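If you read the protein sequences in the order shown, they are chains B, V, S and W.
All letters in the first sequence, in the order written, are residues 6 to 305 by the numbering used here.
All letters in the second sequence, in the order written, are residues 98 to 520 by the numbering used here.
All letters in the third sequence, in the order written, are residues 78 to 315 by the numbering used here.
All letters in the fourth sequence, in the order written, are residues 220 to 554 by the numbering used here.
In short, the hints are calculated from the structure, not lab data.
As the structure is a prediction and not an experimental result, all values here were calculated from the model.
Even glycine gets a Cβ: it sits at the ideal position worked out from N, Cα and C.
Check each hint, because a few of them may be wrong.
Dumping the calculated BS3-like pairs for lysine-lysine here, alpha-carbon to alpha-carbon at most 30 Å [claimed, not checked]:
#	chain 1	residue 1	chain 2	residue 2
1	W	K536	S	K290
2	V	K514	W	K299
3	V	K515	W	K299
4	V	K513	W	K299
5	V	K459	V	K418
6	V	K364	V	K454
7	V	K246	W	K368
8	V	K447	W	K368
9	B	K102	S	K184
10	W	K299	V	K246
Here chain W is said to cover these stretches of chain B; the calculated rule only asks that three of the stretch's residues, wherever they fall, bring their Cβ under 8 Å from a Cβ of chain W [what the hints assert, rightly or not]:
#	segment
11	8-21
12	286-292
Short derived list, chain S residues pointing at chain B, Cβ under 10 Å [what the hints assert, rightly or not]:
#	residue
13	G101
14	G105
15	E107
16	I155
17	R157
18	F162
19	I169
20	P171
21	E172
22	D177
23	A182
24	L195
25	I204
26	G232
27	P234
One letter stands for each residue in the lines below.
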Amino acid sequence: MDLDALLRCVGTTSCVVTQLTSGMIIGMLLFLIASGVTLIFGVLNVINFAHGSLYMIGAYAAWTFYQLTGSYFVSALGAAVAVGMLGVLFERVLMSKVYGSNVLMQLLVCYAVVLISDDLIKIIWGPVPLSMGMPPEFRLPPIRFMGGVIPPFYLFMILAAMAIGLLLWLVIVRTRFGSVVRAAAINGPMVSALGIRVNLYYAAVFGIGSALAGAAGALAAPVRSLTPGMGFSILIESFIVTVIGGMGSIVGAFVASIIIGLTRSFGSIGFPLFVDGVMFLIMALVLIFKPSGLFGRPHR
Amino acid sequence: MTSTESRRASRRQVLKGAGALAAAGVIGAPAISKAQTGTIKIGVPTILSGRVAILGQTSVGGLKVVFDKFNAAGGINGRKIEMVVRDSKGAPQEAAKVTRDLINNDKCEIILDAEASSAAFAVQEVIREIGVLCLHSNSETSSLTADPKLHVPTAFRTARQGIHDAIGGGDYAAKIAKAKGLKKWATCSPDYAYGRSNTAEFMEYAKHFDGNIQVVEESWPKLFQPDYTEVVTKLLNAKADAMYSALWGGDLVAFIDQANLYGLFDKQASFMVNLGDYGVVDQVKQFPQGVYSGGRYNRTVPATKENEEWYQNYVKTQKHKPTNWSWENAVAAEFVVEALKKTNGDTNGKKMAEAIKGMTLKSQFGTKGTVTMRAEDNTLVDYIIGYGVSLSKEPYVSDFQASAWEPIFELEKQWKKKQGYIS
Amino acid sequence: MSAGEILRVDDIDVFYGASQILFGVSFGVEKGQSLALLGRNGAGKSTTMKAIIGIAPATRGRVSVRGTPVQKFTPDRIAREGVGFVPEDRQIFPEHSVEDNLKIAIKAGVGGRIDWTLEKIYDVFPILASMRGRMGGRLSGGEQQMLTIARTLMGNPDVVLLDEPSEGLAPIIVEKIGELIQRLRDMGTTLIVAEQNMHFCLDIASHVAVIDKGHIVYRGSIDELRANDDVKKRYLAV
Amino acid sequence: MAGRWRDLGLAALGLLVLLLVPVVGAPPAIRDFIMFGMAYGLLAMSLNLLIGYTGLVSFGHAMFFAAGAYAFGLAMQSGKFSIPGAFVLAMAFTATMALIVGAICVRLNEIYFAFLTLAFQMLFYNIILGWVSFTGGDQGLMGGIPRPKFLGIDLADRTQLYIFCSVAFVVCIAILRQVVTSPFGYTLRMIRDNQERAAFLGINVTMVKLACFVISACIAGVGGILLTLFVSGAYPNFGFWTTSGEAIFMILLGGSNVFLGPLVGTVILRLLNDITVSYTSHTELVLGIVILVLVLGLRKGPLDLLADRWENRRQAKAQAVRDAADKDAQAGRDA
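Let the hints inform the model, and build the full structure from the sequences given.
So, in structure tokens, the structure goes:
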């Protein structure tokens with residue numbers, strides 16, 4: 006425990022600015038992944054334990070596209086689309102077979118996919134950790150703002166994640182697609198009885214959720230090392246976010262991501278050895294006092 | 098209709114039962130079938146899956162190169178060496194189970210423990226009980242061999258040892274610190290036993306050699322943590338003159354990439370003990386200048402013909418670059434081969450241990466062209482350690498300075514006394 | 078099957094888990110007819126409706142729409158064959174506005190026919206027009222029932238299944254719903270109304286089938302039922 | 220009552236078979252396999268008391284596995300306890316922990332219960348990792364677990380250890396069997412099938428669930444102790460969530476509706492693991508494919524499937540008898 010250090014940090018703007026942005030960076034990437042988890046859970050009532058693997062595949066795909074094209078933006082887009090399509094395939098071929106059955110069966114299917122994709126990654130890309138490197142367009146000196154330091158790439162990352170989140174929110178709230186999806190989340194059979202091909206929507210939602218994970222992987226690729234199994238820790242964190250925010254709530258995922266991001270960034274100063282513990286503690290407290298999460302509706 | 102269905106079902110059940118029997122057979126069978134071929138079986142528990150699969154892959158590579166050569170030369174008394182490699186997934190209890198199976202079931206006569214630290218301790222307990230020869234080739238945790246409570250007569254370590262690195266590194270760091278006036282230090286190491294003890298020891302010896310050094314900030318990211326942003330910003334806020342890091346592998350690559358964004362390396366001198374290894378150093382795309390890296394494995398350290406040949410041969414036969422783990426395992430394999438020659442092929446744990454204890458081996462990985470298995474605590478000494486200045490391209494290191502072993506021995510003895518390991 | 082039959086249920090069995098709910102249920106409805114499916118609570122009315130729309134598929138027998146067997150289809154496919162379903166507990170989307178509830182169901186009928194538009198719905202259901210922006214969950218029971226019916230109509234169905242439209246509503250509301258259904262019938266909409274309230278159906282239906290313990294026990298015109306006190310007493314608790 | 224004597228007889232028989240293994244001279248590898256299997260078997264069997272019998276899907280069961288292991292290991296390493304003493308201490312610790320965690324968790328339903336148990340497990344795991352001076356952090360309890368003789372029993376001897384593990388294992392299985400066949404067991408199933416109805420019948424659902432949680436945790440703790448004795452150490456990953464996941468997998472692999480299903484699952488998984496590990500370095504790929512085939516192909520644990528089939532056949536037979544009787548009656552009428 007070093008609460009003095011935390012107080013000292015909170016007392017200086019430069020430290021606050023730096024830690025705030027660092028919290029946002031962690032939080033926004035987490036948000037992209039967690040929003041996919043929460044979207045899929047909200048609509049399909051399925052917990053996608055393989056979401057971390059989709060993130061990993063997104064990062065590796067971006068790496069390969071980057072080697073091929075040399076353009077980071079093309080790679081990021083390509084990775085998101087590729088992982089989205091993979092998600093649709095995953096949903097159609099595997100997950101749709103275990104809808105309605107025991108949640109444990111769904112868990113097992115996801116577990117199998119996690120194992121298989123980790124090994125396939127190792128076979129295709131090798132066990133050596135890969136690094137994409139910073140694309141030249143972002144190799145700029147960090148921006149200084151009120152004494153704090155903000156790397157341009159991270160600024161881009163935060164804005165991109167927020168933009169994607171906003172777009173997702175608009176699609177869900179404003180479009181007919183979103184209207185159907187929201188309805189299907191509450192009552193899938195009724196939507197189906199209205200003549201809407203609800204299975205297509207399920208596949209699409211899974212695809213979008215996956216594409217979000219893929220995009221997160223692509224955004225992370227320049228700054229994180231790519232290894233088989235890299236989706237593991239991010240999966241646990243995205244579940245914490247999903248549970249705190251409320252299963253099924255995009256807004257909840259957004260708020261909870263920021264909470265976790267800030268817990269990490271300020272926690273690393275104030276209670277560096279117990280940051281993970283505090284995250285689980287927050288999750289436990291939310292579950293005890295408001296099981297449906299900060300923004301969730303009670304579970305069906 | 099029902100009857101045919103049920104008959105088919107029952108046949109299926111029979112088949113299933115047969116499968117189970119066959120499976121049970123597999124567990125017992127190889128013991129009988131393979132023992133007659135007369136090879137010397139060496140069991141290798143290691144990590145082949147998950148994030149550090151590279152550890153297992155390059156460890157096995159190091160072993161293979163030596164054993165292939167031994168077998169090509171005809172083995173000993175007509176007996177060749179056969180490696181049995183098993184994935185423990187890095188879990189200590191699996192490592193213990195796998196090691197027991199390798200000995201009891203696959204009839205392995207020697208164990209080459211290519212596990213990471215915590216599993217190595219579990220393997221050590223198995224060896225204590227069964228008493229075969231065991232060489233720990235990857236665990237750097239000092240206590241494994243330094244702590245007499247953990248001592249097992251037939252177990253040795255061919256891996257580098259944390260305390261050696263710390264003393265050598267501390268000496269080097271202190272020289273640079275004195276020359277450049279680096280007083281305020283920060284640390285950034287993974288939060289687990291290796292990272293903690295390695296860092297504490299490094300800073301202890303840096304302070305020992307330069308009394309002006311003080312640690313102003315410590316950060317302990319989790320092992321395999323994907324994002325180091327909060328750590329980097331914390332280090333920035335510390336405004337230290339220099340930083341020490343024991344991060345390794347993919348974690349180190351990610352840390353460097355992320356710290357670059359903040360220009361962290363422009364603001365301070367950095368000492369990274371695990372940077373100078375293939376698989377790390379050639380993955381860093383934007384290489385920071387003026388970073389000091391510890392020697393892990395490098396084809397130019399030492400810059401001898403033998404080393405270059407060894408490197409070329411390794412890459413050619415194993416299809417990947419060697420790592421620190423490769424040389425550690427190659428040395429382990431060399432010890433096994435030499436000991437077998439001494440015992441004339443007798444793999445008895447006690448006899449092999451007697452042969453290896455105190456053995457000095459010709460090796461390009463040694464400071465004087467040799468490495469020695471120190472008799473007093475069954476651990477490797479005289480291997481090359483040291484620091485150099487990192488470069489962004491091959492050979493990735495310049496001005497490499499090998500640590501002298503005499504001061505290391507002396508300070509190691511003091512350290513052991515302080516720990517209560519020796520009186 | 079007679080040529081005019083738009084929907085036919087033929088000898089279907091339905092199970093919930095291990096327990097059988099329907100036993101060889103059969104009936105048909107012709108274009109423009111309105112069939113009342115009467116029976117006590119738990120007799121199998123709702124299950125029959127769900128079997129037709131495919132939510133509780135039949136394990137045996139046939140369901141056909143205009144001669145096409147649909148019993149293997151998913152609910153959405155059956156709906157696109159022209160079957161509209163108004164479920165028993167209304168099941169509006171509570172977090173959608175009234176208008177969004179309606180818009181979500183927009184779909185052309187079989188052959189691209191469009192009888193119902195938003196304007197026409199608001200014309201027939203003026204109360205919905207007045208609260209088009211309100212959240213579905215904030216409507217009263219009667220308003221929700223109207224919204225459910227209107228929502229189904231937005232899909233321009235050939236035949237509308239109404240599952241217990243009067244259930245749980247105040248008598249004055251029931252009357253209103255009844256009038257509305259009559260109006261639909263008068264517009265020529267083919268209807269199947271599952272009800273335990275016989276009186277509610279007397280003014281609505283042209284034909285009637287009575288179901289009891291999963292078996293169809295009586296079929297006839299509404300006037301024949303009116304005259305048959307035995308059936309009324311035995312199966313409808315009248 | 221007769222059922223109880225039969226169960227105890229079967230347990231005695233099972234123990235006899237286990238004890239025969241070293242007598243007939245089975246190789247040590249088989250004994251190792253069985254001991255390892257017994258430790259994980261208790262974890263899976265005890266978890267199934269929650270999942271299969273009570274409908275409480277816990278993602279955090281491994282924390283009690285680790286609690287038993289660490290409490291026992293630390294007590295032994297302190298040198299202040301005999302093996303039975305440390306055993307009792309470990310049970311008391313596990314039960315206390317289960318009581319506290321359970322009291323908070325069992326009020327929640329379904330997925331929230333699962334997540335809360337997961338959260339507590341990770342909290343516990345983080346404490347083990349963080350409290351280095353006490354638990355050894357990620358290195359686990361190093362230097363072996365001392366096994367002083369007690370009552371003439373020497374657990375440093377592998378055969379005696381095997382016998383000790385067998386007895387402990389069979390006793391735990393017998394206890395579990397008694398629990399599920401007792402009235403308490405029927406109450407558990409009633410709660411699983413319809414919690415509201417159970418509450419209407421005057422059952423204190425929360426208390427019953429809590430009692431079940433504690434019993435199950437203690438048995439898992441015994442599993443942890445056996446593993447500690449086997450590997451002569453305790454490690455943080457005993458309490459990591461992947462260990463819980465593995466236990467769930469064992470249950471599904473065997474079948475959750477048959478009493479010994481999880482045990483069969485344990486054996487299958489261990490065999491699968493040992494075989495894939497011996498023949499390939501792509502253990503994850505093989506395991507993943509096997510899971511997919513099992514889950515999508517069978518949709519159930521093999522034992523559940525067999526039980527269902529047996530039940531169907533029984534019913535079909537009964538139906539045939541009834542049909543035949545009808546036909547006879549018909550024939551009688553016709554005649």
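Check: When the hints from earlier in the document are held up against this structure, which numbers fail?
Finding: Violated: hints 6, 11, 13, 14, 15, 24, 25.
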